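Asker: Place chain E on chain D using the hints.
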Amino acid sequence: MRSIASEIALVLKLFRHDAVRQRKRLALTVAAVAWGTLSIVMLLSFGEGLKRSLTKGSRGLGDGIGILWPGATTRVWQGLPSGRTIGLREDDRELLKARIPELAAISAEYARYDSVAVGKKRVNVRVRGVDPCFGDLRKLVPREGGRFFNERDIAEKRRVAFLGEELAQDLFGSEDAALGHTVEIHQTPFLVIGVAEHKLQMGMYNGPDSKQVTLPSSTFKSMFNATGPENFVYRAASWELGDTVRSEIYRVLGSVRRFDPDDERALGIWDTRKMQQINAQVSIGIQIFLGVIGALTLLVGGMGVANVMFAVVKERTREIGVKMALGAKARQIMLPFVLEGLLITSLGGLLGTLLSLGLIAVLAALPLKGPAFEIMGRPTFSPGVALATALVLGSIGMLAGLFPARRAALVDPAVSLRYE
Amino acid sequence: MANGNGKHAPSAATGGALIRMRGIRKVYNTGRVEVEALRGVDLDIAPNDYVAIVGPSGSGKSTLMNLVGCLDTPTSGEYILSGDWVAGLDRNRLAEIRNRHIGFVFQNFNLLPYASALANVELPLVFAGVPARERRERASALLERVGLSDRMEHKPGELSGGQMQRVAIARALVNRPAIVLADEPTGNLDSTSGRAIVDLFEELHAAGQTIIMISHDAAVARQASRVVHIRDGQIVPDGSAETPVAA
Numbered sequence: 001m002r003s004i005a006s007e008i009a010l011v012l013k014l015f016r017h018d019a020v021r022q023r024k025r026l027a028l029t030v031a032a033v034a035w036g037t038l039s040i041v042m043l044l045s046f047g048e049g050l051k052r053s054l055t056k057g058s059r060g061l062g063d064g065i066g067i068l069w070p071g072a073t074t075r076v077w078q079g080l081p082s083g084r085t086i087g088l089r090e091d092d093r094e095l096l097k098a099r100i101p102e103l104a105a106i107s108a109e110y111a112r113y114d115s116v117a118v119g120k121k122r123v124n125v126r127v128r129g130v131d132p133c134f135g136d137l138r139k140l141v142p143r144e145g146g147r148f149f150n151e152r153d154i155a156e157k158r159r160v161a162f163l164g165e166e167l168a169q170d171l172f173g174s175e176d177a178a179l180g181h182t183v184e185i186h187q188t189p190f191l192v193i194g195v196a197e198h199k200l201q202m203g204m205y206n207g208p209d210s211k212q213v214t215l216p217s218s219t220f221k222s223m224f225n226a227t228g229p230e231n232f233v234y235r236a237a238s239w240e241l242g243d244t245v246r247s248e249i250y251r252v253l254g255s256v257r258r259f260d261p262d263d264e265r266a267l268g269i270w271d272t273r274k275m276q277q278i279n280a281q282v283s284i285g286i287q288i289f290l291g292v293i294g295a296l297t298l299l300v301g302g303m304g305v306a307n308v309m310f311a312v313v314k315e316r317t318r319e320i321g322v323k324m325a326l327g328a329k330a331r332q333i334m335l336p337f338v339l340e341g342l343l344i345t346s347l348g349g350l351l352g353t354l355l356s357l358g359l360i361a362v363l364a365a366l367p368l369k370g371p372a373f374e375i376m377g378r379p380t381f382s383p384g385v386a387l388a389t390a391l392v393l394g395s396i397g398m399l400a401g402l403f404p405a406r407r408a409a410l411v412d413p414a415v416s417l418r419y420e
Numbered sequence: 001m002a003n004g005n006g007k008h009a010p011s012a013a014t015g016g017a018l019i020r021m022r023g024i025r026k027v028y029n030t031g032r033v034e035v036e037a038l039r040g041v042d043l044d045i046a047p048n049d050y051v052a053i054v055g056p057s058g059s060g061k062s063t064l065m066n067l068v069g070c071l072d073t074p075t076s077g078e079y080i081l082s083g084d085w086v087a088g089l090d091r092n093r094l095a096e097i098r099n100r101h102i103g104f105v106f107q108n109f110n111l112l113p114y115a116s117a118l119a120n121v122e123l124p125l126v127f128a129g130v131p132a133r134e135r136r137e138r139a140s141a142l143l144e145r146v147g148l149s150d151r152m153e154h155k156p157g158e159l160s161g162g163q164m165q166r167v168a169i170a171r172a173l174v175n176r177p178a179i180v181l182a183d184e185p186t187g188n189l190d191s192t193s194g195r196a197i198v199d200l201f202e203e204l205h206a207a208g209q210t211i212i213m214i215s216h217d218a219a220v221a222r223q224a225s226r227v228v229h230i231r232d233g234q235i236v237p238d239g240s241a242e243t244p245v246a247a
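So the sequence lines, in the order shown, correspond to chains D and E. Mapping to our numbering: the first sequence position 108 is 108, numbers consecutive. Mapping to our numbering: the second sequence position 63 is 63, numbers consecutive.
This is chain D alone, in the form it adopts within the complex (with noise of 0.2 Å):
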């Protein structure tokens, strides 16, 4: 150990006096290690920007929600024709609810599409009715002030609406002016009692959210004299129970309906945590892509201090010779050599990494606005992308080292005694 303490001692020393006598050189070799780090975190760093994004996006629509909409049966059952048509029923919720313990929650969603207006204002939009767990469903979030409806809005039916961010900037002028006024939904006063925060969705069912107005579902049944819901929007008590929960609603309305529980088709189920696993899984598949192009890039400059390293043990083959008479063994003459690799790609990492630091930092300052700038999102640097990187950067500079390391321990001393 203490020889090891020493050598490294050496080392040092003897990098002091490279670095001295050989400024530009190793500057360069520094400055190529440096580039590779700053293209491999970089790349990592937009590729866990766009795992971010992708992963908001995709959770827009709501985080491991089911969607299930009417259907036709399409096989015969209990001596009943197949192409049966499977209609959604108002009390299917409540029937649900009771049936199915692992349902966490589920909200009817009535709609028709009607005309909205404030004064002289008027756009013809989609109206809907829900229950006010749909809104922690389909993340429809208030923004400040605002709030989703409760149950007293629904046992009162109250004349409250939930804007669309968009709706009410057209309708208003600005997202923040809807709040407390009154628009006129099919020619009736509803108060405005909140406004959607904006989000990234990426996936939808008949358009945005929004673009879209959402009343109680009590309000519009009265107002509407709706038949039966639409859809209904549900989620499982956990992500792992969404399977359970999705069999158990064609067992249940199976029953009730009379069709085949393996028929799929009886009725429209979106399971939308398939959604969401791709998305993951082609965000993990870029991610994997950018670092391998990165890891690419660091390599040329792993070679760079590989070819440098390998001119320094050209050049010094006669101090090895000497070393060697000495009685300096392989390890003692590769040792100086691995740490001199590890030690100019540690200098280039460090610095490229603090630059890509810099450059993150200027890239979030930047005011880019645009959907496909909302979609890459920022380049985000994490422990993974740190990890990533001094993984890739460890092993390149252990490789630049060691090849040159093991060419000066094959040098034969009798020979280099006499080089010059």
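One or more hints might be untrue.
Pulled a few chain E residues facing chain D out of the computed Cβ check, cut under 10 Å [stated by the list, open to error]:
1. A87
2. G88
3. N92
4. L94
5. N110
6. P113
7. F127
Simulated from the structure, these hints should not be mistaken for lab results. Source: prediction; values computed, not measured. Quick reminder that beta carbons are idealized off the backbone N, C-alpha and C, glycines included.
Answerer: For chain E alone, coordinates are given in the frame of chain D:
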């Protein structure tokens, strides 16, 4: 002197010799041609011998020096150094043997240019794993011994040729080797410094150190107690060459 003669007592197997070479052959394979540099060398060197190896260039004396110094291994033959069977050892074992038994002195000094005189002398002890304090003590004692106590922190570039060779000799002695192996130690020195180095070797010999020296210079070789002539890869029998000059 450093070698008090206890540590490297030759074993009975070598018949009292420190070095015992028998039938040493060395063949270099240069691709198409095989060159036989040594063709059956027998050599015995006793403790406290002062041997000069002389011969024209191409005679095989560098090859012999490399083999004696364990820098290279013979193609065939047996070599026992200080009781250790040396022929056929691997590189790391040879490095250990060199470190413990051989002190090299080269014609062109071969000091590390960026290290102080003291650090240069310490180097063999670094490879031997000697603790820093002991290294420093032993190295400075030896620099004092060769008359350089006021030059310990000087870099080789700040020393004269004669001083550099003294540093090299201190380095050769620092691990208390059985043998000091000197290859043309005065070849790069002016006659005055050369003379001083020869005197230093004489002093070491008087203190009990075994020395093997390779030299072109007949005057230098004459200082040795025994001269071995080598020609065409073979040792010329003592009788047929000029008689060794007593020290």
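Asker: Give a verdict on every hint.
Answerer: Each hint tested on the structure:
1. A87: violated, 15 Å
2. G88: violated, 16 Å
3. N92: At about 5 Å, which falls below the 10 Å cut-off, the nearest Cβ of chain D leaves the hint on E:N92 intact, so it holds.
4. L94: This hint holds: E:L94 lies near chain D, its Cβ roughly 9 Å from the closest one there, short of 10 Å.
5. N110: holds, 4 Å
6. P113: holds, 9 Å
7. F127: Holds. Min distance 5 Å.
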